[in-house]
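K.L.:
Its first residue numbered 1, the sequence shown is counted upward by one per residue in my numbering.
Read the hints as simulated data drawn from the structure, not as lab findings. Be aware that one or more of the hints could be misleading.
[Stated by the list, open to error] Subject to a maximum C-alpha distance of 25 Å in a straight line, what follows is the list of computed BS3-like cross-link-like pairs (lysine-lysine):
1. Lys245 with Lys404
2. Lys879 with Lys730
3. Lys344 with Lys404
[As the list claims (entries may be wrong)] Label-pair restraints from in silico Cβ distances:
4. Ser235 with Thr329: 20 to 26 Å
5. Phe137 with Ser334: 31 to 37 Å
6. Gln533 with Ile588: 36 to 42 Å
7. Ile588 with Arg725: 56 to 62 Å
8. Asp203 with Arg431: 25 to 31 Å
C-beta: ideal position from N, C-alpha, C; glycine also.
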Amino acid sequence: MEARIQSTIHGLGYCEDGVYFPEPDCFESIRDLIRFLRYDSSSGLARRVCGERNIVLSDLIPIMKSTDTPGTLFDVALRLTINLCQPTITVFHGKAPEDREAWRIFWEMERNLSRTKVAFADFDFMKVLQAKVSSFFRLEWIDRTESMKMLVERIFVLLGYILSIGESEYDQRIIKDAVTGVDSGDRVAFAILRSGLGDVIADVAARQSEHEFHLPLLHIIALIVKQHEPSDIVSAGSERSMEEKTKDDKELRKCLEVESQKILEARHRLGSRHTSFAGSYVVVGMKALNSRNDLVLRKAVKKVDCLEHVYERKVKKRQPKNRRHFEGTQRTHSSPSHVKIELKQFCETLLCHCYNRLMNACRDNAFSGRKSLNQRNADIHYFLVMRFFMEYRRIGSFSTHFVKATLGKESFHHVQTQLDSYLEMARAERREGRAHGLRAQYAVCAYKELLCTLRCMMESGSSEEKEEAEATCKHIMLMEEYRDLSSSIIRRFTPAVLSKTFLRNLVLANHLYVALLERCAKSGNLLKVMKRQKVRKRKTKRLSDITSGEEDDGTNAVDMDDLWENISEQLSDVVNGYEMPSENVNPIDVLLQVDDDVHQRFAALLVQKALRERRIADAVGLYRQARTIWPFEGTFGSNEMSCEEEFIGMRMIYFADLTQVEMEWKMAREIAYKSEQGGEGDLFDGELNKEDELYSEDDEDEGDTRYVTKEVNFSFDDYVAKFARADVLKWYLFLLNDYETNSADLNRAILKMLHRVAFDLHQAPRLFQISLFRIFTRLAERYQNQTLSSIKVDRFFHLYEFGHHLLKNFFTCYEIIGSRLMPELLFWKGAKECHDLEYGYGSYDALLIEKKSKEMLWTEELDDEIRSLYDEYVAYDDKPEGIDVVDFVESNLSRERTRRQIIREMKSLGLDTFGAKVKKSMVNRGPKLTLFMPDEIEHMKALADQYQSLPSEEQSVDVVDYIRERLPDQYSRARIIKQLKYEHVEYASKTTARSHKAWNDMLLTELRSLAEQYEELAEKPSCGLLDYIRMRLTERRTRRDIEARLIDIGYDRGKLRASKGLARVPKPWSELLLTELCSLKAQYEELDEKPQCSLVDYVITRLSEKRWRRDVVAKLAELGVDVSSMEQKRMRKSNKRNSPQQKEEGNEEGSEHSVTSAASDSRERTPSIALSEELDLVDDLDDLLVSGPFDAETKRINLTAEAEMLFGESSDEDDDEIIRRGKRRMGNVSPLSDESNERAVEPSAPSHKRRVVLSDDEDE
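Just need the whole structure built from these sequences, with the hints factored in.
P.N.:
Now the structure itself:
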């Protein structure tokens, strides 16, 4: 067979004086070679023979570039060239060889293939290909034939195969061509670009109609730029500075020194076989294992202290292949200047004209599952081109518009999903793990460049670019998938699957992401983030299991009583309205063909089952729905029944024996759903809520798991703590071990993360690791004989500084722990070990015990205390009204507990709660607990009487402050005022003048300039002088303060008062609002029974827009309504406010008392109303809060009636309390509780819990 192949090769033709002369049967010989390759053996004999003869260089290329070659011969020669140049891995069907012989054949084919690469660096051949491709794309779509299209596709495939060939032999030996001085890869790329194929590629990639050629073109572009750095290409054509030249010279000398050292070591290296005839040497003075003898060596040494070879005699432990680290780096090199210039023009053409269209067209095809064997690396090429051109744009400072297709939220999401997919496939397919790891490596590179571009846009982009970058940055910060991407991948890093290059790029990407996250968190733009939480549904027994369990259990009665005790409290809350019952429940199944009375019994059964399954809200909802269906039967009560009667009715249903009813219900269900269920099943599944999986038959043994996304608070320290783990830090130290060869950016990223863990999180003991300290030892040897100034300018100074501070912490811990700290260097440490190393062994356990004791809700001491307080309460015969046993225990318990917790604990201890409710504020109650002891109350009364006897000139403070200063304990003003009210002690609050802030010279100058500016205005604005100045001052000041300061500098008070009227400009009335006003006026006049409010109040409360009272009065006057009575009331109210003496002369004492008490109560509870004077809004608030000409007693009666309608009758509460509660419910005043009122009045007053003492002689 080999002879036939060789004879066929000899029959192709010959080359003479640069001209190729094909044989007459050349066409048939090429077809025969194609047939031999098609039916080649498993050993690849035909391919190896053709490769050894190198017919691509000697025959095929000369045939194709000849001008006399016919089209059919060119086509068949092109087909054979493509077949011989395809990658070797494709010949092996995409799978690596498995045996030794297969590997030998594989490498032989690779060598033959690399020999053919130089043949394609032919400018004339590339010019022929360019002419054929360009002629095809110049044709119209109709004029193109299928054979022409096939020819162009083959040319693109051939270009991809050529560029994918590996290094040739002289490339590996660094032997350069004598003429051009470049390697074969640069020569091929230069020939492609100089021939014009680069322009054709860019032109085709820019056409949307040629999308079917875009994926092969992406392959060619990726292989052209694969071995080049974007920074080298961007700087091509520009003169280098002296610093750059010096830097390149240093790097070149360093590389030469390394290579020379390797050559010398290879020369001096002895053979692996040991010889006993090299002589022996005695090291005098150095003891051997036997201390009586000197050390004997079999090898000559230059220095006595250099005996490393003695320790190298032992066979080192070999790491298993499946855990061995590998680099995974791609070779990059610096091309000559003329190649760089061509590449620069090609890259700029692609970036500016066709990058976005090419990437959009190739995204779906590159990542689809329907890819041929030649396109198996399309996703790698996509990420490679994406990373290269985005970095090229960033370094070259091009506009981000050129890379818009691979920038934004969609690109981040695409890269993140593909990266997760690659890692999952690497874990699932162990044999192909490294192939998927290589794809993940390119995806991480693209992700890192996306973050670099985002940071560049935020720092030096235009305003539009900054807005776009901030929106994208906010998106990737909020989503949990991006926040946990780096930490989760590093924790699962597998050295046998993922390369060190992958780890380096991942650490750099994580450094960029954490820096952006820290920037957003410190600026306050990242307070809330989205977090995906797992929610496990609780496994609930099916009703059939419950029923069967109840029938088999002999202690059913005891269990039912216990269950009732547990659910009765919640049932009481639902019945009384504290919790809402279910509404979407139906007590009737319309598919059951039964009578109405049977439906009624089935509804009672459903209520009973809901109660026994702890579905209290469903049970009450079913009970009330059944009552609406059968209101007269009495089984479910009546609409007029009280809450207690409803509770008793449900208790009767709970304990009723409905076994027979349940059997009837099951039979009716089986008949009705026989066709749907096909057999006997759990009839209670999905009755009340068919979508609830808790009651379905298909529940798994473990509860179903679902995820919900919630918005939670973000803490940057908690996020960094995810990296303070042993499985993350060990890989950071693994990379830091190569700090001499790492890039400066990588060392900076590693040190920044270690600094965050050690010093920002205060967890320096986590880094007390022997591997890290060995790195510090190597660094110390480097700086052994250097001065501090020379160390500071070295590139590893930051690592030296970090080690200095970390070792300081280490020796501080050594003073506490001692020599026991040394073994800790061998192990990674968690939170417990860090705390023990910093504060001493056992400190963490002691802290946990203390914390657990604090978190324990009920200790034995608290249980004993509850029992003693209970006995003390029961021992008193005359108990004060309004203080139940829970109040007594709550106020005297040593630790603070809620009322619900106390009731639950008392029930567990078997103590009677005497009917105490959990929410006491919702039930009828007596006077409130004052928490003052009797002797303190008497002392307060005496101090109040003493204050009243003082002369008026000595009453510098009010009675509350007078009492407060003389009490032995600290109490808030609100609590003292409340106690004085209970004791019927009169108290009137004193109003003190408000102290204004001082005006500095700069602010006074600004005030004068604003006043002069207002006076110089030709057209005065709608606002007055005070508002004009107030809105423009740099510091916030009140109108009164501004008015006083203007009077001081010489302005007339009357003029300022007159300018106040300009501050309020009434809003214009629209036609629709005027129509509504007339309609309300006519509606008021047509009422048979006039309401107690006036026409103005009637209109104000019903208008769709909010209007001032005086505005409504003026508009009604325009409509012809008599508003004289309204104006008189307005004048009376103003006179009452301005002259207090007229209040005493008035004949409406009840009204005065009501207005005064309402005003004082409003001042106590709504401090915002008290600020209305300084804003000059007193009149406006009167318009809002006072309505109608009816007297105060009528207003009081109406409020009382409305409050009773809202809250029900309460005989134990006075009218003032009902009115206040009604106002709080209607929103007229701020609903501040007693505790919040005390905090608002006295924020610094400490709260003291006083013990309530129940004495027999206490005055009730």
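K.L.:
All hints are to be evaluated individually against the structure, with a verdict given for each.
P.N.:
Hints and how they fare:
no., hint, in the structure
1, Lys245 with Lys404, "violated, 35 Å"
2, Lys879 with Lys730, "violated, 69 Å"
3, Lys344 with Lys404, "holds, 20 Å"
4, Ser235 with Thr329: 20 to 26 Å, "holds, 22 Å"
5, Phe137 with Ser334: 31 to 37 Å, "holds, 34 Å"
6, Gln533 with Ile588: 36 to 42 Å, "holds, 38 Å"
7, Ile588 with Arg725: 56 to 62 Å, "holds, 58 Å"
8, Asp203 with Arg431: 25 to 31 Å, "violated, 42 Å"
Violated hints for the displayed structure, listed by number in ascending order: 1, 2, 8.
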